[in-house]
Amino acid sequence: MTESLFAITSEPISVEDVMKKVMRPEAGAVAVFAGTVREWTNGKRTLFLQYEAYVSMAEKMLAQIGAEIAEQWPGAKTAITHRIGRLEIGDIAVVIAVSSPHRAEAYEANRYAIERIKQIVPIWKKEQWEDGSAWIGDQLETKAYPSGKPEVNE
Amino acid sequence: MTESLFAITSEPISVEDVMKKVMRPEAGAVAVFAGTVREWTNGKRTLFLQYEAYVSMAEKMLAQIGAEIAEQWPGAKTAITHRIGRLEIGDIAVVIAVSSPHRAEAYEANRYAIERIKQIVPIWKKEQWEDGSAWIGDQLETKAYPSGKPEVNE
Amino acid sequence: MMIRLLFFAHLGEQVGERQVTWPHVPDTVGKLKEEVEARYGLPLDRVMTAVNEEYARDDAPLQPGDTVAFIPPVSGG
Amino acid sequence: MMIRLLFFAHLGEQVGERQVTWPHVPDTVGKLKEEVEARYGLPLDRVMTAVNEEYARDDAPLQPGDTVAFIPPVSGG
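The listed protein sequences correspond, in order, to chains Y, D, R and G.
Numbers 1 to 154, taken from my numbering, label the letters of the first sequence in order.
Numbers 1001 to 1154, taken from my numbering, label the letters of the second sequence in order.
Numbers 2001 to 2077, taken from my numbering, label the letters of the third sequence in order.
Numbers 3001 to 3077, taken from my numbering, label the letters of the fourth sequence in order.
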């Protein structure tokens, strides 16, 4: 597994490897989020997923999220790994680990990270259902962007 | 490692083992919290910690927290393991894993769990500092209970 | 006609034992606390009590064979 | 004097290629989007654009050698 704090990989993700990147003596709390492939969504059965990324830009955007967190929650350290390629039901698609001296920041920063991933990181998933497939993101089953597009830093 | 969802152990905790207890096809999100032994607190250096538990009651109280979560966030599944005995800096003292169909509940329920642990689960830590030791909980450096005592279900 | 007492954390150190057999059965948890405070010189005002692994209030009754645990403010996590 | 275009997700499937060399350099991202919409019959109104791996607005200028990525609403996580 890569040593980088922010990585896109086509291999299964080890949660403990991602956690270890942020654990340190000055941190008393580590919040981890794992997004997994869910079988049922709104009564529709998923068979498997295909994730695609603009890898080089996606890693830069993950690092940007880490920098935003360090600015907003000083003392917090972030590592994120996102998997791409074909994922089966139950597979882990993304792991976010945030360590901090106290727990409140770890939870808050972790949740910030997943929301930002869904706004700015160029990764797409294609659902394979029993009765067809579709790229998610411009389909009816996803949320619309409040402003019509993700927020761009200007 | 024990198969039980709610466990007190004197062995090192495997985060992935705790996570696996709650992962399932209908869950798309797993939030995990790991509490680790921090070296510095308010400028004071910890050398190591000693945790003691009323084991049988602590496991019951952890299970009660899991039941409270299932009631408050239907669809959420919880596993908690707390370690006791001597822990070194960086060691994991507690792991809480909550899976749920969507991420908001997983985060919220996980945070609820750690707050409840600190209210009702009979576990105590003794800090070993460079210049002495003390049981935490009735010391000045800890918060007082808002009501003078943990909330009792009546 | 006796009950079993458990002392945790600093209480165990102050009493010098973690388990004590109490030779009679006070009517309530509150009465027992007064007796224990007097016997060991321990202030128990910030200490919770559990009877048979359930938190109990001072007016909870006691039965022979009960296990009563004295639980200082907890600090797990 | 050319730029490189990248198409992701359903755009890549609709264009039939994920990378395209564009033979001239429009003044702005907005102009390029109009040309690409006309060439491939793709609506790009909900599509973000990145120039050299940074999100760019429609009024951002283009230079020879730039890589322009068309980024449909993302769905990672």
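If you're looking for bench data, these hints aren't it; they were derived computationally from the structure.
Bear in mind that the values here come from a model prediction, so they are computed numbers and not experimental data.
We put the beta carbon where it would ideally sit given N, CA and C, even for glycine.
A few of these clues could be false.
Claimed, not checked - Each computed BS3-like pair below joins lysine-lysine, with the alpha-carbon atoms no more than 25 Å apart: (1) G:3033 - Y:60; (2) D:1020 - Y:20; (3) D:1126 - D:1020.
Said to hold, decoys possible - Not the full set, but computed from the structure, chain Y residues with beta-carbon under 8 Å of chain D: (4) 2; (5) 26; (6) 27; (7) 85; (8) 87; (9) 101; (10) 107; (11) 114.
Hint by hint, here is what the structure shows:
1. G:3033 - Y:60: holds, 24 Å
2. D:1020 - Y:20: holds, 18 Å
3. D:1126 - D:1020: violated, 30 Å
4. 2: Violated, about 18 Å.
5. 26: holds, 6 Å
6. 27: holds, 6 Å
7. 85: With Cβ-Cβ at 18 Å, over 8 Å, it is violated.
8. 87: violated, 12 Å
9. 101: holds, 7 Å
10. 107: holds, 5 Å
11. 114: holds, 6 Å
Hint compliance for this structure: hints 3, 4, 7, 8 are broken, all remaining hints hold.
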